[in-house]
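Novice: Those protein sequences? They're chains A and B, same order as listed. Quick note on numbering: the first sequence equals residues 1 to 260 in our numbering. Quick note on numbering: the second sequence equals residues 1 to 116 in our numbering.
Honestly, the hints are just simulated from the structure, not real lab data. Careful: at least some of the hints might be erroneous.
[Claimed, not checked] Taking lysine to aspartate or glutamate pairs in the EDC-like style, the calculated list, with each CA pair at most 20 Å apart, reads: (1) A:Lys3 x B:Asp64; (2) B:Lys57 x B:Glu84; (3) B:Lys57 x A:Glu18; (4) A:Lys205 x A:Asp118; (5) B:Lys57 x B:Glu9; (6) B:Lys57 x A:Asp138; (7) B:Lys37 x B:Asp23; (8) A:Lys3 x A:Glu28; (9) B:Lys57 x A:Asp14; (10) A:Lys3 x A:Asp14; (11) B:Lys37 x B:Asp24; (12) A:Lys3 x A:Glu29; (13) A:Lys3 x A:Glu18; (14) A:Lys205 x A:Glu233; (15) A:Lys3 x B:Glu70.
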Amino acid sequence: MRKVPLAEWFISQDIGAERAAAIYGDLEELAAVRGRLWFWMAYIRTLIRLGWRGPVAFVCAYAFSTWVAIGAFPTIHSLLRNFYRNVQHKPHQAIWHVFDRTVHHAAAHFIWQIPLGDCLIALWFILPFVVVRFGLRDRLAQLASAIFLLTIPYFSLDPAAVNFASLVTAVIMVAALSLRAWRRPMIVLAASVVPIAAAIFLSAKVWFVFVSRGYGFNSPQLQWAMALYRAVELCIAAIVCSFLYGRLLQRKPTDRSTVA
Amino acid sequence: MNPERSLGEFEQIVLLAALRLGDDAYGVTILAEIAAKTGRNPSPGALYTTLHRMEDKGLVTFRDGSPTPERGGRAKRFVVVTREGRNALASAQTAYQSLLQGLDLLDAQMFGGAYA
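Just need the whole structure built from these sequences, with the hints factored in.
Specialist: Take a look at the structure:
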């Protein structure tokens, strides 16, 4: 079995082993005429050309999710809260009341709002990541966008809105899993969300460990630890998302015949 | 024309080069053919991103060659232009031809005598 050089392995992380071997082979063939310096210059340019989307997507998603959590979330929450109260307290909005009662009744036994909330917060990272990484025409990006937009009412944190978001998420998941074209994007999306949701769920424990050791809420050590914790959780989610996308959603070459 | 199948200029150049080369179209020969016929020297990275994008669109497929020593034991991936690729190319070229009809690009009057 051929030993794969590290430089070739780097390319293969983004485009797969077969494509990477062919590209590296082409560069080796050209380097016989143009020299090793040209080879490494061409290699670096090719690596950037093929792989820029991953790092850029990660930085954009990290920045967006941080901006939403720190800056935009309180605004979104208060806007939704006010909107909901205004609508709810107008007697002529009978349709809303019927809908409200129906949703409450249907979702009365849902006990998964907290994990669901973690998953929806995880979408703040996953959505911009997949949009930049794979483009808006990609089914994974479209699915993430649909769930993100339809579950925005969750962030009013009003019980009815939370239940509504729960129902919408459940309906979209069942529909996506039952449709062949959307099944794999749904699996990739769900698996990508899990590391972040789990990390958010466990973050209180991490926080508690530091606080119990005497670090104040605003101490630099705690702030750095939480920033590192967040970077690691998002890195894991990005790696899981890219890996599963490559395995389940990337188009495979149609013609595998071999010529002499 | 289906916008999904609309082709950029470089995509058309790559498809034309691959068609000209026939069974011998792979990265190295396509780069050489483009350089020879257009005077451009595209980077390998530009060629591969274009080929991968066209593969995802179904305009080209690949078939593997045999591993060779000068490539460090790696196989060539030969480019095969699909029927969809040929149709998209024909459609793009027809559009160019329609736009060109009635124009004389070297007509001095059109450029205010600049090329007279």
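Novice: All hints are to be evaluated individually against the structure, with a verdict given for each.
Specialist: Each hint, compared with the structure:
1. Taking the CA atoms of Lys3 of chain A and Asp64 of chain B, the gap is about 19 Å. The hint holds against a cut of 20 Å.
2. Our distance criterion of 20 Å between C-alpha atoms is met by Lys57 of chain B and Glu84 of chain B, whose separation comes to about 9 Å.
3. Taken as a hint, the Lys57 of chain B and Glu18 of chain A pair is honoured in the structure, with Cα atoms around 19 Å apart against an allowance of 20 Å.
4. About 15 Å separates the Cα atoms of Lys205 of chain A and Asp118 of chain A, which keeps this hinted pair within 20 Å; it holds.
5. Distance restraint check for Lys57 of chain B and Glu9 of chain B: the Cα-Cα separation of roughly 16 Å lies within the 20 Å cut-off, and the hinted pair is therefore satisfied.
6. The straight-line distance between the Cα atoms of Lys57 of chain B and Asp138 of chain A is roughly 12 Å, inside the 20 Å bound, and the hint therefore holds.
7. Simply put, Lys37 of chain B and Asp23 of chain B have alpha-carbon atoms about 18 Å apart, close enough for the 20 Å limit, and the pair holds.
8. With a C-alpha separation of about 15 Å, the suggested pairing of Lys3 of chain A with Glu28 of chain A holds against the 20 Å cut-off.
9. Only pairs whose Cα atoms come within 20 Å are accepted, and Lys57 of chain B paired with Asp14 of chain A is accepted, the gap being roughly 18 Å.
10. This hinted pair checks out: Lys3 of chain A and Asp14 of chain A have alpha carbons roughly 19 Å apart, not beyond 20 Å.
11. Between the alpha carbons of Lys37 of chain B and Asp24 of chain B the distance comes to roughly 16 Å, so the proposed pair stays at or under 20 Å and holds.
12. Between Lys3 of chain A and Glu29 of chain A, the direct Cα distance comes to roughly 18 Å. Compliance with the 20 Å bound is thereby established for this hinted pair.
13. A C-alpha spacing of about 14 Å is found between Lys3 of chain A and Glu18 of chain A, which places the hinted pair at or below 20 Å, so the restraint holds.
14. For the hint linking Lys205 of chain A to Glu233 of chain A, the alpha-carbon distance of about 15 Å falls within 20 Å, and the restraint holds.
15. For the hint linking Lys3 of chain A to Glu70 of chain B, the alpha-carbon distance of about 15 Å falls within 20 Å, and the restraint holds.
Figure legend: structure checked against the earlier numbered hints; every hint is met.
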